[in-house]
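Asker: Taken in order, these protein sequences are the chains called A and B.
Sequential numbering from 1 applies to the first sequence in the working numbering.
Sequential numbering from 1 applies to the second sequence in the working numbering.
Just so you know, the hints here were simulated from the structure itself, not pulled from any lab data.
Lysine-lysine pairs mimicking DSS-like chemistry, simulated, CA-CA at most 30 Å apart: (1) A:148 x B:46; (2) A:13 x B:176; (3) B:59 x B:94; (4) B:44 x A:13; (5) B:44 x A:148; (6) A:13 x B:137.
On a predicted model such as this, the values are computed, not experimentally measured, just so you know.
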Amino acid sequence: MQQERFLLLLSRKFAGECTARELKELEQLMQQQPDLRLLATQFPQHAHLHNSADEDEAEAAFAAHGVKMQLSGRMDPASPHRMVPEDVPIRVSGWNRKLGALLACSLVMLAVAVVYIDKKDPEPPLVNAEVVTRKGATSTLQLPDGTKVWLNADSKLVYPQTFAGKKREVTLSGEAYFDVSRDNLHPFIIHTDKIDIQVLGTAFNVKSYPQEEVVETALIRGKIAVTFNGAPEEKVILQPNEKLTYRKTATAAIPRVQVSTIQAPDGSSIPETAWIRHKMIFANTSMLQISQVLERRFNVVFVFDDEAVKKYTYTGSYEDESLEEILEVLQICRPFHYTKTGSEIRVKS
Amino acid sequence: MDKIPADIGLLQRSVAYQRDQRAYHDLFTHFYHPLVRFAVNIVKSKEAAEEIYSDVFLKLWDMENALAEIENLRVYLFRSVKNASLNYLSRYYKVPSIDLDSIHLEMIHEVKTPEQSLLHAELNRKATLAVRSLPAKCQLVYTLIKENGFTYKQTAEIMDISVNTVEGHMTTALRKLSVMLQAYLPPRTN
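Bound conformation, chain B alone:
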């Protein structure tokens, strides 16, 4: 995101109409890190997240001309990765379908995310841990907005919920986090 302010629409059309593999490569590498991180949030496995991302991109290639009609590719990809991740979980836990509300943290094994890097300040590390202890939907809404800079409307589209619900999840996330963060703040001086 912070690199190549590439014209995504142009790349999209090159892949859609010219089957341009170089453009396809650029799209793949451009969206790779934010989306794999997002999938890891849900499936809690780096390998599975990479697999999901790769599958989503295979489908993108197969769309051919229809690819050019996607209005906001970034939103589309986040939404696809979210759905693919939920499908992965329902296969993994052998249940017909899975809702984010039913994911319990204890079902999920510990995973080392880049955020856990040791060079992070202790506080940031604790705060990141706090984010990961949020309920699944809260955590994803928070990540989409705070980490990926999506608006309420885009987040609503990705998560298949209403804008009001997005705002509700976001304020809940901030409320829970502020309780946890307050414990780490230096004591008041007055």
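Same shape as in the complex, but just chain A:
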């Protein structure tokens, strides 16, 4: 009953229809039940901030609209006002229809010309671009096909400046999150040291640092196929929220390839992609793995004087904390000692 009243009042509040008395009542309800207050903050925020890309989009839409206006004869040719803003070159004249037809013709000719040139020279030289991130830095970029890539620290992505041919192929060393533009005709393939990942249009994380023992790929949405270098006939298809772990050294106890479900410890963000938001999430993670993450994040080197400490495990999430603050928290959970000289962190038990 109270819940229903709460929802009614919240509806009115969102619509700006609450009376002063109702606002007070709502506030009281939320004071009595903190759960309701929490719930009230969970409704999606539509923070549609205006940015220049949005403005460009609106301008482009208006330019197209302007052509429509001219072609339908709605434009007053004698008007001193121009239909479009200064930098969009659309002329106002009585020849609009003919001009439009001419324009369309020349576009078709251009298209023919392009196809012709393409046929003549089927293998244009491929120029590769390379993006490298240092330790302590991440980068975001957009590939020529519109695919978005978040590149984590100490990583390298090699991609062609234009995607030609049947496949879109890139090579990754390190860690990256991909949001691949959908294009069923041109599969997107990521080559890493040990595994290849083929996608059709999806978002997922790949972690393949040469110095780390495991290679991981975590799928957020869509579908990907993973193949293993040296065993091209083997193929694993991942479903959303699944993660594939590949071990570089095989042991009898643990299989080389494992597929598991992505776990979100706090119910909101998943550890595999936390780094995109500059967050580090550890869930039962060994000190060795944590040190590798911290090395990349803070550009330091860990030296372990005591092998046992490497196996300590920790759970926690960090965002803006300094290296010292993070180590302090870890020490509270399970004590160890460390000394810092320059960029070297020496760890003892």
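Assemble the complex: chain A is given as a structure, and chain B must be docked to it using the hints.
Answerer: Just chain B, lined up with the frame of chain A:
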């Protein structure tokens, strides 16, 4: 909305009486994003939504002096875009007329909206997905109020329903959403 607090009425009159194309441009770009987003909610296609918006604006130009008489242009445009979107759907599915209640989600192909941007927190992403799983009318009422800041009365006018029905849809939307959202909330500590 958050930019140019332009005097819409002044722009309206400039277009209506002076056929001012610069003012027309300003109106077009000012309302572009919220209305195209709104149309996408209904027709589930960005291209179709842009087409619908452009057509609505052609009609606005053709109104000439009558344009100056529109009391609240924003409400008028939302209402026009809603009607044009329903017409589009009835043409698309080749039925004489379409009611929002008869739109099933499975009829509609997946569309990528700006809300789906990856930088959004996971929770916000899930919540946005939850909004899109609401029944069509609930979803539109919710979007008009929560996203576009319309009052009950304005929403009623846009949707051609009564104020009471608006409130009913809005509380239903909040009830359904809160059930879905509760699943994502951190577990109670007590």
